[in-house]
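Asks: Each chain, letter by letter, is given below.
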Amino acid sequence: GNSVTQMEGPVTLSEEAFLTINCTYTATGYPSLFWYVQYPGEGLQLLLKATKADDKGSNKGFEATYRKETTSFHLEKGSVQVSDSAVYFCALSGGNAGNMLTFGGGTRLMVKP
Amino acid sequence: EAQVTQNPRYLITVTGKKLTVTCSQNMNHEYMSWYRQDPGLGLRQIYYSMNVEVTDKGDVPEGYKVSRKEKRNFPLILESPSPNQTSLYFCASSLSGVVGNTEAFFGQGTRLTVV
Chain E
1 GNSVTQMEGP
11 VTLSEEAFLT
21 INCTYTATGY
31 PSLFWYVQYP
41 GEGLQLLLKA
51 TKADDKGSNK
61 GFEATYRKET
71 TSFHLEKGSV
81 QVSDSAVYFC
91 ALSGGNAGNM
101 LTFGGGTRLM
111 VKP
Chain S
114 EAQVTQNPRY
124 LITVTGKKLT
134 VTCSQNMNHE
144 YMSWYRQDPG
154 LGLRQIYYSM
164 NVEVTDKGDV
174 PEGYKVSRKE
184 KRNFPLILES
194 PSPNQTSLYF
204 CASSLSGVVG
214 NTEAFFGQGT
224 RLTVV
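As you go down the protein sequences, you meet chains E and S in turn. First residue of the first sequence: 1, per our numbering; consecutive thereafter. First residue of the second sequence: 114, per our numbering; consecutive thereafter.
Since the hints were made in silico from the structure, they are not lab data. Here a beta-carbon is modelled for each residue, glycine too, at the ideal position from N, C-alpha and C.
Now the in silico label distances, taken between C-beta atoms and shown as ranges:
#: 1; chain 1: E; residue 1: M110; chain 2: S; residue 2: V165; range: 41 to 47 angstroms
#: 2; chain 1: E; residue 1: E42; chain 2: S; residue 2: I125; range: 20 to 26 angstroms
#: 3; chain 1: S; residue 1: P152; chain 2: E; residue 2: K52; range: 30 to 36 angstroms
#: 4; chain 1: E; residue 1: P113; chain 2: S; residue 2: P174; range: 43 to 49 angstroms
#: 5; chain 1: S; residue 1: Y123; chain 2: E; residue 2: E69; range: 44 to 50 angstroms
#: 6; chain 1: E; residue 1: L13; chain 2: S; residue 2: E183; range: 44 to 50 angstroms
#: 7; chain 1: E; residue 1: V82; chain 2: S; residue 2: R157; range: 28 to 34 angstroms
#: 8; chain 1: S; residue 1: V127; chain 2: E; residue 2: T71; range: 43 to 49 angstroms
#: 9; chain 1: E; residue 1: T20; chain 2: S; residue 2: D151; range: 22 to 28 angstroms
#: 10; chain 1: S; residue 1: D151; chain 2: E; residue 2: T71; range: 22 to 28 angstroms
#: 11; chain 1: E; residue 1: P10; chain 2: S; residue 2: V127; range: 29 to 35 angstroms
#: 12; chain 1: S; residue 1: K182; chain 2: E; residue 2: E69; range: 42 to 48 angstroms
Computed footprint of chain E on chain S, listed as stretches where at least three residues anywhere in the stretch have a Cβ under 8 angstroms from a Cβ of chain E:
#: 13; stretch: 154–161
#: 14; stretch: 216–228
Given only the sequences and the hints, what does the whole structure look like? Please build it.
Replies: Structure follows, in structure tokens:
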């Protein structure tokens, strides 16, 4: 079946540092890939998505590129802010698993001033 | 405002006492689902519904029931809660599943503790 593996956190960075959160996946067919963000006390919000190989999703300074050859969808941001502190989830759906979203374990990011 | 509303936000209950967590969406979405979030495991799908009167099991359905009598509501029922169901629960909805460009909208979560 489908699975998503994320780097374990927490990730602690200083403000304006470069961020990478690794995500790799296992899936049959051609899934869509997503990053969701969960701010403290809130539900998940879609951050960005990519629906086919080599697509780049971007939003709020975050980017991720759908790499089929390495089955990866790493999240990056050039300069993080304190307000980016949250839990980030990589997820996939589609392919041969239909509509179900499959999530990674989540990575907590803490940004210090 | 487009939203998914869950109630209650927090609940402490005792083993075996039936409970229901409600979920309502105002976006006329066909697809709704329930997840539980546990440390290190991410979100796992409990049940989902493709439309009214159509429900199906997700990854971890044991100990849960759902119903979809109206398009906007998708309650999660624990007939006899046990301590291993202590978790953070999220309801989500989307226009027609999450394949391709369809985005899933999540409620704020229900933190359930079973003692």
